[in-house]
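K.L.:
The residues making up each chain are set out below.
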Amino acid sequence: MTIEIRDTIRFRLNEREVELADVSPVQTLLDFLRIDRNLRGTKEGCAEGDCGACTVLVGRLNDGRLKYESVNACIRFVASLDGCHVVTVEALAQPDGPLHPVQQAMVDTHASQCGFCTPGFVMSLYGLWMENPKPSVQEIEKALQGNLCRCTGYAAIIRAAEAISSIGELGKDPLVAERERIARQLAALRDGRRVEIGSEKERVVLPGSLDDFAAVLEANPKATIVAGSTDVGLWVTKFMRDIAPVVHLSHLEELRRISVDADGITLAAGVSYTEAYPSIVRRFPQLRELWDRIGGEQVRNMGTIGGNIANGSPIGDTPPALIALGATVTLRKGGERRTVPLESFFIEYGRQDRQPGEFVESVRVPFLSDADRFAVYKISKRLDEDISSVCGAFRVRLDGEGRVADATIAFGGMAGTPKRASNVEAGLKGSVWGETAVNAAVAGFERDFTPLTDWRASADYRMLVAKNLLRRFYLETQETRNVRIDRAVAAAV
Amino acid sequence: MNVMQPIDRIRGGVHERERHESGHKHVSGTAEYIDDIAEPAGTLHAYLGLSERAHAEILSIDFQAVTSSPGVVGILTADDIPGENDISPAHKHDDPVFASGKVEFHGQPIFAVIATSRDAARRACAKVKIGYRDLPHVTDVVEAAAANYPLVIDPLKLERGDIDAGFAKAKNAVQGEMRIGGQDHFYLEGHISFAFPGEDDEVTVIASTQHPSETQHMIAQVLGVPSNAITVNVRRMGGAFGGKETQANLFAAVAALAARKYRRPVKVRPDRDDDMAATGKRHDFHVDYKIGFDDEGRIEAVDAVFAARCGFSADLSGPVTDRALFHADNCYFYPNVRLRSRPLKTNTVSNTAFRGFGGPQGMVGGERMIEDIAYTLGKDPLEIRKLNFYGGGGRNLTPYHQTVDDNIIGRIIEELEASADYAARREAVLAFNHENRVIKRGIALTPVKFGISFTKTEYNQAGALVHVYTDGSIQLNHGGTEMGQGLYTKVAQVVADEFQVDLDRIKVTATSTGKVPNTSATAASSGSDLNGMAAANAAEQIKTRLVRFAAERYGVDEADVAFEPNVVRIGSERIAFADFIKSAYAARIQLSAAGFYKTPKIHWDRSQGRGRPFYYYAYGASCSEVSVDTLTGEYQVERTDLLHDVGKSLNPALDLGQVEGAFVQGMGWLTTEELWWDAKGRLRTHAPSTYKIPLASDRPRVFNVRLAEWSVNREETIRRSKAVGEPPFMLGISVLEAISMAAASVAEYRIPPRIDTPATPERVLMAIERLRGAASRGEADG
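For the record, the sequence lines run as chains H and X.
Numbered according to full-length UniProt numbering, the first sequence terminates at residue 493, and the numbering increases by one at each position without gaps.
Numbered according to full-length UniProt numbering, the second sequence terminates at residue 782, and the numbering increases by one at each position without gaps.
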């Protein structure tokens with residue numbers, strides 16, 4: 001089969017269609033907007049996807065539906081935008097026209113001080129408003145986890161978010177009113193061709209299909225695979241690494257599929273955290289808090305399950321929980337596939353069980369049985385948009401006599417990889433599930449892990465918290481009150 | 001001429017809840033920051049090459065790969081500096097632009113690459129090969145003291161009464177120590193400067209600086225030209241918080257140096273990580289204290305040493321550590337007291353101004369002493385606080401011999417205690433803790449008293465320039481800079497009020513050393529106090545001329561000429577402002593004036609530790625309740641109530657924003673914001689991925705914020721308002737104290753919890769473990 005090739009990237013930028021033949025593999029959307037297009041309303045605050053000053057919306061068709069999501073332009077590569085609609089703050093109001101309702105709300109509530117973070121907040125709130133015109137305070141806070149403001153203390157911004165719908169009608173918003181027309185235009189940009197741009201040294205490839213992706217990767221085993229670019233983006237913006245040749249996959253709908261059968265859920269590797277959320281929290285309500293605390297909204301919109309696994313972080317947002325749930329990953333090279341338990345995919349720090357030319361195609365998470373007790377706890381310096389100092393996931397199955405029939409416990413932040421606490425598991429198995437067994441089993445952590453001291457936490461703290469999380473897990477299975485801080489308490493403004 | 005019907009009042013006068021003058025531009029992305037300015041053709045970009053050693057001799061620098069990197073135009077080192085290689089604001093000659101021969105901290109600039117794009121300059125910088133010979137280094141303040149590191153500047157001692165007699169009389173004495181962490185400013189707009197070469201020796205620099213005059217002087221010093229050759233402009237900063245008071249000078253000097261050498265516009269903007277590594281922060285402190293007190297908790301004597309991590313140079317460490325001592329008393333009378341500062345050199349970036357300027361660290365130290373007294377005696381800390389407030393016969397003298405004569409803390413506390421329902425909630429917290437093993441709660445109500453004025457008296461002056469144009473529009477310029485605090489809005493409100501014209505008739509223009517010279521930093525919360533008065537003075541001068549003109553022209557008494565809303569009333573006739581101005585112009589009346597102001601009454605003798613360094617005090621109080629998880633140390637602020645004094649507010653909406661924002665920033669400083677250096681002396685929390693400032697979800701779950709609307713400044717400040725920038729920062733202390741109470745609960749509130757800051761979940765959990773251990777060993781009897 002020969003595949004047709006296109007040598008340009010095509011996307012829509014605000015009101016105009018853009019076609020680019022010359023896109024460097026390391027060109028970020030933020031630099032493109034600010035330097036190439038002189039659209040300077042979008043700001044650079046950190047160049048690592050943590051502050052949100054560069055937030056723009058990216059609209060993308062998935063299963064025929066056009067959805068706009070907030071993303072960090074600083075770590076998004078231009079080449080990944082093929083077929084997308086990029087919306088920047090400049091699109092919201094004409095220079096001499098009235099402000100957009102989101103903007104007017106921000107002005108009315110005195111929600112800007114220095115104003116540098118403000119366009120990013122406006123775009124995040126705009127994205128939220130389109131999906132949820134009357135959000136709760138908690139929903140607003142969640143949508144703003146990826147936006148830092150150093151001046152206001154946020155109270156006025158929350159007031160603005162609550163006021164938007166009293167200022168403007170969602171139905172009159174251009175992106176809402178003209179959704180179908182824009183969707184048709186974006187659909188017309190998609191021709192199923194493989195996109196290849198750049199010279200040999202600066203090659204960027206957007207495969208035409210999943211099979212094409214497998215073929216391209218097999219032919220270019222040293223290529224950098226870019227999914228959400230929440231990690232690879234920093235290789236470029238912070239470490240100035242040369243990442244060519246690059247193979248993008250975020251445009252492949254086949255890698256964004258979620259399937260559920262009687263025994264479990266299968267997530268294609270390119271499924272973003274946001275896309276996975278509804279299915280995950282319906283089937284695994286215990287994962288809701290963890291999922292809500294992965295990165296910020298922009299990172300959840302960009303980052304993928306497959307990327308989170310394939311990059312082999314010793315901490316990982318999802319691996320400890322997925323290991324405890326007994327997840328498996330399917331790897332593919334060309335037409336060959338193999339499936340391995342997730343825990344064995346992580347070999348040691350910086351090394352995973354992935355061959356050259358091979359990629360993570362999907363992750364399968366089996367459902368819990370009724371006898372399973374399961375919980376995952378993320379401990380971090382700041383509650384939201386922080387990397388875990390320790391992340392512990394616990395699954396225990398009791399037999400009819402209250403003894404531990406099976407235990408799977410996995411931790412991030414305690415070793416060079418996400419790793420099981422096998423000594424603790426062994427210590428629990430066969431014991432009566434109770435404080436005595438728990439207090440005896442925690443000693444196993446000392447044999448399972450030798451954590452490091454770094455800027456996130458000391459080794460002593462990590463060890464103590466690991467032990468205490470097992471205690472917390474036990475107390476929660478006893479339905480004791482006030483075992484954990486009630487994060488669900490509604491904030492009043 | 002039109003005869004106008006009188007209207008009630010102008011739009012946007014003083015005391016109105018006026019919107020930020022740039023609000024509509026902030027939200028639409030059209031507010032122009034320096035990096036948004038369209039670059040002229042030929043613009044070059046500079047990028048700084050930083051030290052990768054904490055303390056080392058530079059043996060060799062190999063620029064070969066740098067020079068051959070694409071786009072590189074040239075390299076600047078110390079050898080390229082025509083003037084002095086020094087930008088020390090303390091004039092200690094200890095702050096080079098580029099290190100030469102030796103580096104003194106990890107992140108110190110050594111050279112700059114000039115290239116055709118920022119990316120090219122940055123990539124080239126990374127290709128340098130520098131040979132170092134490592135020297136021993138110290139990053140920590142306690143280690144610096146142990147290693148006999150020098151002081152970067154003369155220390156200060158404040159002394160009053162007789163501490164030996166005080167301790168002899170005191171029935172109880174407690175000795176302790178505390179570590180107080182620093183803080184990165186994390187302004188969202190990082191440092192940036194854009195320099196444009198002019199004719200002869202002229203350079204114009206657009207800089208993100210709080211102190212355009214000093215930036216101007218430093219550029220002149222580095223270039224070896226007189227100050228009159230340099231113009232520094234700044235329209236707005238994307239946040240500053242003290243981080244751009246002196247730290248902008250480096251970037252401005254480098255941009256100017258390159259612009260002069262290459263005769264092309266040059267912009268310099270470091271990456272966030274480099275910004276955080278190469279620029280100073282809030283000082284970390286170590287406090288050694290001893291307090292004597294009676295059985296009720298009344299303080300008899302205080303002896304404390306405040307040692308600070310100053311970094312490799314003096315910068316502003318002198319006045320910062322001074323201000324720490326000035327605020328170690330907070331609202332409390334110390335009958336016998338000795339406070340000493342120890343501004344220690346370390347091999348870290350030179351620490352600098354940051355909202356509160358040492359005051360917060362002093363105040364946290366003072367509050368730690370109160371906490372120790374309370375938990376030693378087993379009492380509510382608020383009871384100890386009230387017992388020791390300034391007030392009553394002979395109890396109004398500060399350790400620096402200034403009399404507190406505007407004290408309103410009693411009323412503030414009383415009102416907040418009632419509105420926050422403190423007493424009942426404290427009982428509920430105690431009951432909750434009795435019933436729950438894992439989650440513990442804490443509640444604390446803490447006061448703030450903050451002294452207003454630069455402690456260096458000469459800085460307490462300001463200038464303004466007001467032009468009235470013939471169409472009746474007004475242009476306002478003053479020496480203050482806009483960093484988001486709303487200074488431009490407030491001063492424009494003052495001028496609108498002076499002329500009694502609607503606010504939209506006034507345009508505020510970018511701060512420029514060419515318009516108002518010899519200005520002070522927009523710092524010490526003084527922006528509207530100083531510049532508001534200077535602008536009012538300029539307006540008064542023009543009004544005086546106009547009144548004289550009107551009286552002569554219309555043959556009325558000067559007393560019969562009045563500026564009324566959008567009109568001038570002359571006798572019984574009312575003339576539209578613009579028409580009146582037109583006639584004044586025709587009569588050749590000067591419609592422009594330079595205003596000036598200097599703060600009265602203040603004086604300070606540092607060598608004696610005596611004087612009246614502060615014109616007045618701003619007050620406030622904060623009540624916070626927290627939940628703490630004793631298994632993990634995680635916490636959540638459940639509710640905070642703030643009541644803050646801004647005098648008679650110039651703009652209650654902007655002031656409320658300052659109070660809310662300052663509280664959250666103060667809370668962040670004391671909780672999640674941690675600066676962490678590794679063994680090699682490298683700061684590892686140098687980006688938002690590792691350095692955690694508060695998010696929206698860190699706000700207190702219930703957040704009630706009020707201004708003390710009844711407060712009026714006793715001094716004749718601008719419209720009787722008070723400064724607002726810094727004082728509410730210290731309202732964040734209530735969160736720390738509430739966490740302390742929750743931790744103390746595991747030892748029945750009988751052992752001082754002594755949590756160092758920032759109180760990260762780790763420090764909280766480790767304190768809880770320590771307290772549990774001490775309680776089980778029976779150490780709970782104080």
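Since the hints were derived computationally from the structure, they do not count as laboratory data.
A few of these clues could be false.
To be verified - So the derived label-pair ranges between C-beta atoms look like this:
| hint | chain 1 | residue 1 | chain 2 | residue 2 | range |
| --- | --- | --- | --- | --- | --- |
| 1 | H | T450 | X | E748 | 33 to 43 angstroms |
| 2 | X | E39 | H | E169 | 56 to 66 angstroms |
| 3 | X | T457 | H | G350 | 55 to 65 angstroms |
All C-beta atoms in this analysis are idealised placements derived from N, C-alpha and C, irrespective of residue type, glycine included.
K.L.:
Please go over all the hints and tell whether each is borne out by the structure.
P.N.:
Hints and how they fare:
no. : hint                                    : in the structure
1   : T450(H) <-> E748(X): 33 to 43 angstroms : holds, 36 angstroms
2   : E39(X) <-> E169(H): 56 to 66 angstroms  : violated, 40 angstroms
3   : T457(X) <-> G350(H): 55 to 65 angstroms : holds, 59 angstroms
The structure shown violates just one earlier hint, number 2.
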